[in-house]
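With the hints as your guide, set chain D onto chain B.
2 protein chains.
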Amino acid sequence: MGEPVLIVGSMALDSVKTPHGQARDVLGGAATYASVAASLFASPIRVVGVVGRDFPQEHLDFLASRGIDLTGVEKANGQTFRWSGAYGDDPNEAKTLDTQLNVFADFNPVLPESYRESPYVLLANIDPALQRKVLDQIRAPRLVIADTMNYWIENRRDDLVKTLSRVSMVILNDAEARSLTGERNLTVAARAIRAMGPRWALIKKGEHGAMLFGEDLTVSVPGFPLERVKDPTGAGDSFAGGFIGTLAAEGKTGERELRRALAVGAVVASFNIEEFSLERLRTLRRGDVDQRLHELRRIAHLGEGN
Amino acid sequence: MGEPVLIVGSMALDSVKTPHGQARDVLGGAATYASVAASLFASPIRVVGVVGRDFPQEHLDFLASRGIDLTGVEKANGQTFRWSGAYGDDPNEAKTLDTQLNVFADFNPVLPESYRESPYVLLANIDPALQRKVLDQIRAPRLVIADTMNYWIENRRDDLVKTLSRVSMVILNDAEARSLTGERNLTVAARAIRAMGPRWALIKKGEHGAMLFGEDLTVSVPGFPLERVKDPTGAGDSFAGGFIGTLAAEGKTGERELRRALAVGAVVASFNIEEFSLERLRTLRRGDVDQRLHELRRIAHLGEGN
Numbered sequence: 068m069g070e071p072v073l074i075v076g077s078m079a080l081d082s083v084k085t086p087h088g089q090a091r092d093v094l095g096g097a098a099t100y101a102s103v104a105a106s107l108f109a110s111p112i113r114v115v116g117v118v119g120r121d122f123p124q125e126h127l128d129f130l131a132s133r134g135i136d137l138t139g140v141e142k143a144n145g146q147t148f149r150w151s152g153a154y155g156d157d158p159n160e161a162k163t164l165d166t167q168l169n170v171f172a173d174f175n176p177v178l179p180e181s182y183r184e185s186p187y188v189l190l191a192n193i194d195p196a197l198q199r200k201v202l203d204q205i206r207a208p209r210l211v212i213a214d215t216m217n218y219w220i221e222n223r224r225d226d227l228v229k230t231l232s233r234v235s236m237v238i239l240n241d242a243e244a245r246s247l248t249g250e251r252n253l254t255v256a257a258r259a260i261r262a263m264g265p266r267w268a269l270i271k272k273g274e275h276g277a278m279l280f281g282e283d284l285t286v287s288v289p290g291f292p293l294e295r296v297k298d299p300t301g302a303g304d305s306f307a308g309g310f311i312g313t314l315a316a317e318g319k320t321g322e323r324e325l326r327r328a329l330a331v332g333a334v335v336a337s338f339n340i341e342e343f344s345l346e347r348l349r350t351l352r353r354g355d356v357d358q359r360l361h362e363l364r365r366i367a368h369l370g371e372g373n
Numbered sequence: 068m069g070e071p072v073l074i075v076g077s078m079a080l081d082s083v084k085t086p087h088g089q090a091r092d093v094l095g096g097a098a099t100y101a102s103v104a105a106s107l108f109a110s111p112i113r114v115v116g117v118v119g120r121d122f123p124q125e126h127l128d129f130l131a132s133r134g135i136d137l138t139g140v141e142k143a144n145g146q147t148f149r150w151s152g153a154y155g156d157d158p159n160e161a162k163t164l165d166t167q168l169n170v171f172a173d174f175n176p177v178l179p180e181s182y183r184e185s186p187y188v189l190l191a192n193i194d195p196a197l198q199r200k201v202l203d204q205i206r207a208p209r210l211v212i213a214d215t216m217n218y219w220i221e222n223r224r225d226d227l228v229k230t231l232s233r234v235s236m237v238i239l240n241d242a243e244a245r246s247l248t249g250e251r252n253l254t255v256a257a258r259a260i261r262a263m264g265p266r267w268a269l270i271k272k273g274e275h276g277a278m279l280f281g282e283d284l285t286v287s288v289p290g291f292p293l294e295r296v297k298d299p300t301g302a303g304d305s306f307a308g309g310f311i312g313t314l315a316a317e318g319k320t321g322e323r324e325l326r327r328a329l330a331v332g333a334v335v336a337s338f339n340i341e342e343f344s345l346e347r348l349r350t351l352r353r354g355d356v357d358q359r360l361h362e363l364r365r366i367a368h369l370g371e372g373n
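Just so you know, the sequences run in chain order B and D.
Under my numbering, the letters of the first sequence match residues 68 to 373, in that order.
Under my numbering, the letters of the second sequence match residues 68 to 373, in that order.
Honestly, the hints are just simulated from the structure, not real lab data.
Zero decoy hints are in this set.
Covered stretches of chain B, as calculated for chain D (at least 3 residues, CB under 8 Å):
1. 247–260
2. 280–288
3. 317–330
Which chain B residues stay away from chain D? Per the calculated CB distances, all over 10 Å, these:
4. R133
5. G145
6. R183
List time: in silico SDA-like cross-link candidates among lysine to any residue, alpha-carbon distance up to 25 Å:
7. B/K319 / D/E371
8. B/K162 / D/V255
9. B/K162 / D/E250
10. B/K319 / B/G354
11. D/K319 / B/E371
12. D/K84 / B/R251
13. D/K162 / B/R245
14. D/K162 / B/D241
15. B/K84 / B/R349
16. B/K84 / D/E250
17. D/K162 / B/R251
18. D/K319 / B/G370
19. B/K162 / D/R251
20. D/K162 / B/V255
21. D/K319 / D/G134
22. B/K319 / D/H368
23. D/K162 / B/S246
24. B/K84 / D/R245
25. B/K162 / D/S246
26. D/K319 / B/R365
27. B/K162 / D/A242
28. D/K319 / B/R364
29. D/K84 / B/R245
30. D/K162 / B/G249
31. D/K319 / B/E362
32. B/K319 / B/A262
33. D/K84 / B/V255
34. B/K319 / D/E362
35. D/K84 / B/N252
36. B/K162 / D/G249
37. D/K84 / B/G249
38. B/K319 / D/R365
39. B/K84 / D/R251
40. D/K162 / B/N252
On a predicted model such as this, the values are computed, not experimentally measured, just so you know.
Just so you know, even glycine gets a beta-carbon here, dropped at the ideal spot from N, CA and C.
Next comes chain B alone, as it looks inside the complex (with noise of 0.2 Å):
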């Protein structure tokens, strides 16, 4: 199915409180959503990332059963990386409520000789010296998209501006999109953006969906609404990993291609919401996506003709 995928990032075990429930310690992590979400689309997905000696082998048993290479994945002496969140009405607005980076702290992202040579990258939001630093073990990669939050840009600018200059995409939200560009419009923002490096600038709205603005290409796709979002965490990235394992799959980034993947990332983050974790993520199938993927399609269609 396609080219191979490398995504690089967190994995972790989360715990997150919403309006609709709560969940202890359950598998999460950007790379994990990420990865999870391209191998329905491309294959080999190849993650890049490390765990503590308490990760349970049950999802790592998961994520190979889903054909994802996990030979860039490092077991480490320690904890894993903990997340622990609340979301109140606004599923918009994540609470962090602690964070234990443990055997994340000193994550320094080796690729294998096998990884080296993968044409789409995803750069899950981590630290932006350590993306640079996986761009370094790379070969001619043919597309780049880079993650990243607010904590890069208010503490790390410099170092983020180095790392935009060497991506083909940045994905953030439009509050980061502010923030990094201090540009309250984001069409302005996004051109600020582009005019820093990178080819395509993504800019995520939450509920609002998301618009894609590259040269002579303006793309939005609508929030796929739902009645119930259930936990919020993972939306970017399972986006993120609908998205470039769309583009994987199709070996091409040409604008119809985009317009696709965009949708599709839409898609599957509408899907990856309804449940905590990565549940809803496990039984979905192609045809699931399809499905909204057509209804999605219909949601945003502006009639024909003059």
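Frame of chain B; chain D shown alone:
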């Protein structure tokens, strides 16, 4: 051009300050924006409103020059309704500096006999009791759209709910939809609103566009991406005017027409906010609308096939 449209609402002189400049005592008011927008598509447009003795004749001449029927516009003794407001960096947030209702305080919409058979009716944001009074004077309308605002939701809720039970569609923004229903999720809020009577709920989301909810119909239109919003005043009213004008021009409210009207509304609103007051609407042509409509459809296009 299609079926007659009746528009009832405020006519005003506005003073507005934005990061891009200011304007004093310029033409404004919900009925004004909506009727000029609607006049691009349909005819006749019939307005019911009230102005004071100070209302410049040139404004009435301008409206008449657009084929707008002013038989229902009363020229009352006193001063015209004046609104003064300011916008900061966020174009979605108007700060009202001063409101002088003047002759609008005693607005008592009386329909000329020639207006009573108007199949398309837009009740702009006025006291919901007055909105019902208008409905009492109309014979068998085919589509009645009511706009409203937080003030009525908070202070005249029972009255508003009574009005909603008699209209085909309500237009409100996301904050108002949440306030009216107590539901944060817009899909749930739209269902609750439709349970109050309206067949359709149209929820505006500022820069994020708008969503139309009906039975077996959900449509999302993105906001047209602008790099500069010069004056957000009248965005919602020009949206509503473009929307109902498009439906009246088609003489139908089928799914196809509703999708198209939603896109046209977003396009007209995007033009309107490019200049102060109605300056952009004055020179706007159908060809401009058609071109941007084409662009908006490209932006919303999510590719084909699985």
